[in-house]
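K.L.:
One-letter residues, chain by chain:
Protein chains: 2
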Amino acid sequence: MSIKVTKRSKDYSRWYTDVVQKAELADYGPVKGTMVIRPYGYAIWENIRNIADRMFKETGHVNAYFPLLIPESFMKKEAEHVEGFAPECAVVTHGGGKKLDEPLYIRPTSETIIWSMYKKWINSYRDLPLLINQWANVVRWEMRTRLFLRTTEFLWQEGHTAHSSYEEAEAEARKMIEIYRQIAEDYMAMPVYVGKKTDAEKFAGAVYTYTIEAMMGDKKALQSGTSHNLGQNFAKAFDVTFLSRENKQEYVYATSWGISTRLVGGVIMTHGDDKGLILPPQIAPYHLVIVPIWRTAEQKKQLMEEVAKITHQFNKEDVRYIIDDNEQTSPGWKFNQWEMKGVPLRMEIGPKDLENNQVVLVRRDTGEKQFIPTENLFSVITGLLEEIQNSLFQRALEFRDRNTHEVDNYADFKKIIESGGFVKAFWAGDGQMEAMIQEQTGATIRCIPFKQDQQGTCFYTGKPSGTIAIFAKSY
Amino acid sequence: MSIKVTKRSKDYSRWYTDVVQKAELADYGPVKGTMVIRPYGYAIWENIRNIADRMFKETGHVNAYFPLLIPESFMKKEAEHVEGFAPECAVVTHGGGKKLDEPLYIRPTSETIIWSMYKKWINSYRDLPLLINQWANVVRWEMRTRLFLRTTEFLWQEGHTAHSSYEEAEAEARKMIEIYRQIAEDYMAMPVYVGKKTDAEKFAGAVYTYTIEAMMGDKKALQSGTSHNLGQNFAKAFDVTFLSRENKQEYVYATSWGISTRLVGGVIMTHGDDKGLILPPQIAPYHLVIVPIWRTAEQKKQLMEEVAKITHQFNKEDVRYIIDDNEQTSPGWKFNQWEMKGVPLRMEIGPKDLENNQVVLVRRDTGEKQFIPTENLFSVITGLLEEIQNSLFQRALEFRDRNTHEVDNYADFKKIIESGGFVKAFWAGDGQMEAMIQEQTGATIRCIPFKQDQQGTCFYTGKPSGTIAIFAKSY
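Protein sequence lines correspond, in order, to chains A and B.
Each residue of the first sequence is one higher than the one before, counting from 52 in the numbering used here.
Each residue of the second sequence is one higher than the one before, counting from 52 in the numbering used here.
In case anyone wonders, no lab produced these hints; they're calculated from the structure.
As the structure is a prediction and not an experimental result, all values here were calculated from the model.
Please note that a few of the clues may not be correct.
Which copy is meant is left open, because identical chains are indistinguishable; a pair holds if it fits in one copy or across any two.
As the list claims (entries may be wrong) - Here are the simulated lysine-lysine pairs, DSSO-like style, with alpha carbons at most 27 angstroms apart: (1) K73 with K171; (2) K514 with K171; (3) K127 with K287; (4) K287 with K465; (5) K83 with K149; (6) K83 with K150; (7) K326 with K271; (8) K514 with K475; (9) K128 with K150; (10) K83 with K128; (11) K385 with K367; (12) K351 with K385; (13) K127 with K150; (14) K226 with K367; (15) K55 with K171; (16) K367 with K108; (17) K466 with K524; (18) K385 with K514; (19) K403 with K420; (20) K171 with K83; (21) K420 with K108; (22) K83 with K287; (23) K270 with K502; (24) K127 with K149.
All chains, full assembly: derive it from the sequences and hints.
P.N.:
Right under this line is the structure:
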């Protein structure tokens, strides 16, 4: 397989698909819209997953597992929810060779089945809060699919919590969107706007939806994680009440929140360049690829001995490395291949380096090359990994900020959206106007950021407004 | 909820269901035969999963993820396979509001979809071996279901490897059954017979199936993990060939292997007693429950300070503890509850103990109670956990060996099977005789153990035989 990808600058969409396939992150499944996550792509997801799982547990959440198949009648209990999800469900009508009495939906999300169980488990305020997360696959029948970004089946986690007060549910929903922000920014080096969705964009069945929105390399937005305050909607639909401290029966308050394999697509599109993938060290399957460069078998032997000595001092968790001593490919081919796969650091070592007790280190993000004395290697590498992590975030942040434009009139708005970028503008419109803007420009309100401290004039209505909204085209 | 379970000695089957439900390991899902794995049960599965995942990675395997939905035509490509699995599949006929052109099967196992991908990925011997594992849910429409043991949907891992020679595939299949033995014996403290399945019991599409078989508390067998040498069956069905070192096109050799959430059922039935669950420390969500015993608020405050001091010295990984200072339940109630939940060690501490710089430790497995000076606590606890782990294994091993009987005639065979236990006997029969024995006694050949070094006479045919087989009724 060729190791060249279509240039990002030439055709962003083909570049993306090339990177996903040539870096062996994923492949198309046989059923339209499905995806096979290959080992290298899965390892990125595993890293994200492990980080998230640790943060969930540190904040008091526990994991559980609920069934894949949901009775049709459950889906229909929450009116907005069924309207939002039923059209995109896969339906099982036969099982064990027989037609089923009631069709079963493959979960598009698990609110309904989980709240049917919470009804059994929750009786009094002593059973609350209930802070459960599940790692699972879900299926949504999508018309236009793209590897990682929008697939018929995807992997995700879905948190489903139950609380005794609205305030507690609201605090939980906000806590989880903050955790998502940390995962995106501190680990994936992907800057995000954090805020609230408008009614048009919120989750089917939620009171409020909070979101993190990132800017991809083509200046489009990627909704990267959402957290919902569900109020009492699902508790009412499934009749889940609790005995309060004041000895009254009340409906339970709920949240749900999720991130998915879509994040892998976000990493690719935030950091990648013409050569392919660039992975932030925190989530990279390998931090370092070691390429020994030999002419003779004797040289190879000596180099491999030295490499063994060097890697012996590495702590497996601090420096995840891979040695490429393949005899069928040239050093140049290896450099290109591992650059395409986005490994943050490359170490080259040849007979000359061996003599001089040094190695060559090359950064994937900047291409910068330096000779490092072998004795300092471990600390230089860990230092560089930290630097790369920070530098990728800064680069992405500058790119986003440079391409986020403030506008005060609709003409400018349309220009920005057409030429690509986020619009940040005062907003006092309503849902109908939002729909009109989307129809005319393709842009939607990605979020109303939490931080609001300015007064101005709505670019669309001309009304005074204390609310800034972020608009963009999105994936 | 009552914390008493039906006595194990009185009604084994009700005892099992009671333990699963009252210890909050799992609950029934709304669709017949489905199961909700509750947080405490899921934590046991997570521990088993993490152990297995580490062992798989240490032996060179990588994780990936393949789609849930398999086109009907794929299922039909391997004749034995479709015959074995098609009758128990759940079938999706509608998606996105429309009838599908081709029905999709929810994976009952993933050989077919994985080998359809391997066809794309494997070209030459350089692409081999391919050592992929996936953690996933699968669905098999079961008529008679039991929580954890046999459910319509379950969680498992399935390894699917591709090799360039029969010998290598055979070695892989054997390596993985050995890893399963280690997981069962060294971590779950569950002794197993390791051996080969007869043709009647092997996997649909395999050349050989290897298995680990454990004895449950009611003397029935639980098939706890299987590993299959698939020969070239799936490679031929999906036309997967590779260019060999000798420059010939050859069909690829395959293995597959799996363990599932059924193992949680195995843990319960191997170690549990009249009071409920007993968990081996290696896979227990908590090693230690700490129960402070106070009369006054002041006493509670002092005790909790002491508990904080004590737990401060615990390394979170070495001693996974939980503190039960619930004010609404009595110490006695707590003791019973945590015994039912199978926590290996209980620490009690009251005002008197505080004065004497000691605590009380109680073992779940033996009920043994001892006073321990606070200063020695960490090393005593870690020592006791190791002792409990070993002792549970020994106890289960003795129970199994005591209930495994050698027989040399069919009359004795029938008596043993009827009164409960494993039969270990020389065997020279064929598949038809096996079926006859099953019909007459309910027992099947669980495995032909790998270790064979004796000569004798077949209990059924009277023929000379060098093969000992293990017979039992099974779950």
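K.L.:
When no copy is named, should K287 and K465 be tagged within, between, both, or neither for a Cα gap of at most 27 angstroms?
P.N.:
Neither, since 43 angstroms and 57 angstroms both go past 27 angstroms.
K.L.:
Evaluate K385 and K514 at a C-alpha cut-off of 27 angstroms and name the case that applies: within, between, both or neither.
P.N.:
neither (59 angstroms within a copy, 63 angstroms between copies)
K.L.:
Can you give me the call for K226 and K367, within, between, both or neither, at a CA distance of at most 27 angstroms?
P.N.:
between (32 angstroms within a copy, 25 angstroms between copies)
K.L.:
Within, between, both or neither: how does the pair K420, K108 come out at a Cα-Cα threshold of 27 angstroms?
P.N.:
neither (40 angstroms within a copy, 33 angstroms between copies)
K.L.:
How would you label the pair K128, K150 (within, between, both, or neither) given a Cα cut-off of 27 angstroms?
P.N.:
both (23 angstroms within a copy, 24 angstroms between copies)
K.L.:
With identical chains, the pair K351 and K385 could be close in the same copy or across copies; at 27 angstroms between alpha carbons, which is it: within, between, both, or neither?
P.N.:
So K351 and K385 pass the 27 angstroms test inside one copy only (16 angstroms; across, 64 angstroms).
K.L.:
From the Cα coordinates, with 27 angstroms as the cut-off, is the pair K127 and K149 best called within, between, both, or neither?
P.N.:
Intra 24 angstroms, inter 18 angstroms, cutoff 27 angstroms: intra and inter.
K.L.:
Up to 27 angstroms between alpha-carbons, please classify K385 paired with K367: within, between, both or neither.
P.N.:
within (22 angstroms within a copy, 42 angstroms between copies)
K.L.:
Measure nothing new, just compare the shortest in-copy and cross-copy C-alpha distances for K514 and K475 to 27 angstroms and report within, between, both or neither.
P.N.:
within (16 angstroms within a copy, 87 angstroms between copies)
K.L.:
Measure nothing new, just compare the shortest in-copy and cross-copy C-alpha distances for K403 and K420 to 27 angstroms and report within, between, both or neither.
P.N.:
within (16 angstroms within a copy, 67 angstroms between copies)
K.L.:
Within a copy, between copies, both or neither: which one fits K73 and K171 at a CA-CA cutoff of 27 angstroms?
P.N.:
between (49 angstroms within a copy, 13 angstroms between copies)
K.L.:
Is it within, between, both, or neither for K127 and K150, if the alpha carbons may be no more than 27 angstroms apart?
P.N.:
Answer is both; intra-copy 21 angstroms and inter-copy 20 angstroms each pass.
Hints 2, 4, 18 and 21 from the list above are not met by this structure, while the remaining hints are.
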